[in-house]
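Enquirer: Heads up: the sequence lines are chains A and B, in that order.
As numbered in this note's numbering, residues 1 to 401 make up the first sequence, in order.
As numbered in this note's numbering, residues 1 to 173 make up the second sequence, in order.
Any given hint might turn out to be false.
[To be verified] Here are the simulated SDA-like pairs of lysine to any residue, each with C-alpha atoms no more than 25 Å apart in a straight line: (1) Lys-327(A) with Phe-72(B); (2) Lys-100(A) with Val-22(B); (3) Lys-327(A) with Leu-154(B); (4) Lys-345(A) with Leu-137(B); (5) Lys-160(A) with Leu-69(B); (6) Lys-345(A) with Val-131(B); (7) Lys-345(A) with Ala-31(B); (8) Lys-97(A) with Phe-72(B); (9) Lys-345(A) with Val-138(B); (10) Lys-160(A) with Val-74(B); (11) Lys-100(A) with Met-75(B); (12) Lys-169(B) with Lys-160(A); (13) Lys-97(A) with Thr-24(B); (14) Lys-345(A) with Lys-327(A); (15) Lys-327(A) with Ala-161(B); (16) Lys-97(A) with Leu-154(B); (17) Lys-100(A) with Ala-31(B); (18) Lys-97(A) with Ser-86(B); (19) Lys-160(A) with His-30(B); (20) Lys-345(A) with Arg-120(B); (21) Lys-327(A) with Ile-68(B); (22) Lys-327(A) with Glu-115(B); (23) Lys-97(A) with His-30(B); (24) Lys-97(A) with Val-23(B); (25) Lys-100(A) with Ser-86(B); (26) Lys-97(A) with Val-131(B).
[What the hints assert, rightly or not] Covered stretches of chain A (in silico footprint by chain B; criterion: 3 or more residues with CB under 8 Å from a CB of chain B, positions within the stretch not fixed): (27) 96 to 104; (28) 137 to 144.
Because the hints were derived from the structure by calculation, they are not lab data.
No experiment lies behind these values; they were computed from the predicted model shown.
We treat Cβ as the ideally placed atom computed from N, Cα and C, and that holds for glycine.
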Amino acid sequence: MTFWDDPIVFFGDVLVDLMAALNMPPSLINFISTLIGVVAVASFGLIGVIFLIWVERKVAARFQDRIGPNRAGPYGLLQTLADIIKLITKEDSIPEKADKLAFNIAPVLSVVSVLLIWAVVPFASGWIGTDINVGVLYVAAVGSFGILSILMAGWSSNNKYALLGAFRAVAQMISYEVPLLITLLIPVLLARSMGMMSIVEAQTVPFILLAPIPALLFLISSIAELGRTPFDLLEAESEIVAGFHTEYTGMKFGLFFAGEFLHAFTVGVLTAVLFLGGWRGPGAETYPFLGMIYLMGKAFLGYFIIMWVRSTLPRIRIDHMLAFNWKFLTPLTLSLLIMTAIVDKIYSETALRVPALLTGNVVIFIITIVILRETSRRQQKTRKKFKRRPVAKAPVAGKAS
Amino acid sequence: MTGLQAVFLLAAATILFSAYMVVTRNNLIHAALFLVLGLFGVAVLFVLLEAGFLAVIQILVYIGAIAILMIFAVMLTRGDVENLPSPNNANSGWIALLSVLFFSSLVLLISSWPEFNAVRPYIDPTRDTVVELGVALVSPEAFVIPFEVASVLLLAAMIGAIMIARPQKKDKS
C-alpha cells in the first residue's frame, strides 16, 4: 500500500524486509520492531513537551496582556531549548540526609507514569501503541504511579515542608481519583467497551453531546489530578515553598516540570479521545494522517481550556478543595452514572438516544442548581452575624504628634 | 528461548528479588517501595497469562491503593524509620535450612500433581474475556450473590471507617 494510505505499515514492511535480508530470526525482528515503536511513541511525547511548554508560556502571557518569550529564536520558539540547557548545567544537589534511591527515582517515575499513558492513545484508524481491551482502566492504573512518585519525592527530601506538600498532594490526588474514575466509566458505558479504539469507533455522535456534564466533570477532576491551578496548592510558591519538589534542582526538577506539562496535554488528548470523538472527522478513515491531525487539534482544544482555566481562576484552599470533591463531585458523578446507565439501556438502539441523554443531563443539572441554592440559603441564615467592634481611630493629618 | 519465556524469567527474578529485599531492609520505606516493585512483577505475570484485566486491577488496587496506604501509615506513625535493628539474627542459618527444606517439599508435592506440565488452554482472541467477566458478575447463574454481598461489605467498611475517623463532638462550655 502506498505511503499516504498507511505509513506505519509501509515503514514496518520496509524495516522487516531489511532485517529479513540480514537473516535475523523472526522473533528478533518482532522484538526490534516493537522496540522501535515504543521508542517512537515515547519520543513523540517527550519532544512534544518542548513545543507544549512554549505554547503554555505564550498563551498564559496573552491572557495576562503581555507577549511572553520572544527573544530566543523567532517568536521565542527556542526558549524551551534554552531552559533545558540551563537546567542541565545546573548543580545537581542532593540534601545530606536524603534517601538517595527514592530521591533519584521519583522524577523518573513521574515522567514514566505519563509516558505509559501514550501507549494506549489511538492516534488514527489502526494507529495505536497497543490496543488492549482494558485501555481506560489502564490509564487510571498508571496514574497511581505518579502518586507514588510524589510520595517518594516528598519523603526522600528529608524536609518537613516537602513532606507536608507531598501528603497534601497525595490526599488531593487520591480524593479526585474517585470522580475521575466514575466519569471515565461513562464513555465506557456508552461505547460498551473499555478499549480506546472501540470507544473512538463508537462515537458516531461525539460523547460530549450524549454526556456534557460528565465531560466537564472529567476535565475538572483531571485538572485536580494534575495539580494545576486552581488546584495548585501543592506547589504554590507563596504557600509551602515549592511543595514536594522543594529540594529538587537542575534536570530532576526539569523532569517534574516536563512531566506535568506532558500530563496536561495527555489529559487534553484523553478528553479528545473519550468525549470529542478522537480521530474521527471527514476523511479520517482513508487517510490516517488526517485522523492524527484531527486528534491533535481536539487535544489542543482541551489543552487550551486547561490553560484558560489556569490563567483565570484563583487558587482553592485545601479544605474547600476536599469538600468540593467529596460533597459535590462524588454524589453528582454517581447520580450521572446511574442516570446514564438507565437512560442508555432504555433508549439504546433508537433514534431518541441523543435527546433522551441530553434531557437526563439537563434534569440533573437543574436539580443540582436547586440543591446548591437551597444549601447556600440555609447556610446564609445560620451564619453568625458579624458584630461591629470599635476600631482604633487613625490620627488626623493636621495635628502635630 | 522465546521472548515470552525471557519476560517471564525477568518478572519472576524481579518478584523474588523484591520479596527478599522487603524482608531484609532496615529502612521501612525502602521495604514498602520494594513491595511495590514485587506487586508490579505480579502484574507482569498476569499479563503473560493473558489476564489483562486482572493485571490492570492489580496495579490499580494493590499499588494505587494498598501500597500507598501502607506507605502513608508508615510515614505518619513511625518516628524512627531508619534506625531499626537489622532483621538478621543468630538463628539465620537454621532458618535458611528450614526454608530450603520447606521449599523443596512444596516443589515435590506440587510436581506430583498430574496437571503440573499442562499447557495454558488456548483462548480464542476474538473472545472478549472482560465482557464475559462482567456478565458473570451480574448473572444469576454465576456470581451475582457474592458480588452483591461484597458490595454490602464494602459499604459497611466505608461506614465504619468514617465513624472511626470522625472528630469527636466537643462540649461547648
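Enquirer: Take the hints in turn and mark each one as holding or not.
Expert: A quick look at each hint next to the structure:
1. Lys-327(A) with Phe-72(B): holds, 24 Å
2. Lys-100(A) with Val-22(B): Answer holds: Lys-100(A) to Val-22(B) is near 17 Å, not above 25 Å.
3. Lys-327(A) with Leu-154(B): At roughly 19 Å apart (the allowed maximum being 25 Å), Leu-154(B) and Lys-327(A) satisfy the hint.
4. Lys-345(A) with Leu-137(B): holds, 18 Å
5. Lys-160(A) with Leu-69(B): Given pair Lys-160(A), Leu-69(B) holds - Cα atoms ~20 Å apart, limit 25 Å.
6. Lys-345(A) with Val-131(B): Judged against 25 Å, a Cα distance of about 16 Å means the pair holds.
7. Lys-345(A) with Ala-31(B): Status violated; Cα separation ~48 Å.
8. Lys-97(A) with Phe-72(B): Distance of about 20 Å is within 25 Å: holds.
9. Lys-345(A) with Val-138(B): holds, 15 Å
10. Lys-160(A) with Val-74(B): Holds: Lys-160(A) and Val-74(B) sit about 16 Å apart, inside 25 Å.
11. Lys-100(A) with Met-75(B): At roughly 17 Å apart (the allowed maximum being 25 Å), Met-75(B) and Lys-100(A) satisfy the hint.
12. Lys-169(B) with Lys-160(A): violated, 30 Å
13. Lys-97(A) with Thr-24(B): Holds. Lys-97(A) to Thr-24(B) sits at ~21 Å (cutoff 25 Å).
14. Lys-345(A) with Lys-327(A): The given pair, whose Cα atoms are some 28 Å apart, is violated under the 25 Å limit.
15. Lys-327(A) with Ala-161(B): Given that 25 Å is the threshold and the Cα spacing comes to 17 Å, the pair holds.
16. Lys-97(A) with Leu-154(B): Since the Cα atoms of Lys-97(A) and Leu-154(B) sit roughly 41 Å apart, the hinted pair is violated (cutoff 25 Å).
17. Lys-100(A) with Ala-31(B): holds, 14 Å
18. Lys-97(A) with Ser-86(B): Holds, because 20 Å separates the two Cα atoms, which is no more than 25 Å.
19. Lys-160(A) with His-30(B): At roughly 19 Å apart (the allowed maximum being 25 Å), His-30(B) and Lys-160(A) satisfy the hint.
20. Lys-345(A) with Arg-120(B): violated, 37 Å
21. Lys-327(A) with Ile-68(B): Answer holds: Lys-327(A) to Ile-68(B) is near 23 Å, not above 25 Å.
22. Lys-327(A) with Glu-115(B): Distance of about 53 Å is beyond 25 Å: violated.
23. Lys-97(A) with His-30(B): holds, 15 Å
24. Lys-97(A) with Val-23(B): holds, 23 Å
25. Lys-100(A) with Ser-86(B): holds, 20 Å
26. Lys-97(A) with Val-131(B): violated, 51 Å
27. 96 to 104: Result for this restraint: holds, n = 3.
28. 137 to 144: The restraint on the segment 137 to 144 of chain A holds, since 7 of its residues have a Cβ under 8 Å from chain B and three suffice.
Of the numbered hints given earlier, the model fails hints 7, 12, 14, 16, 20, 22, 26; all others are met.
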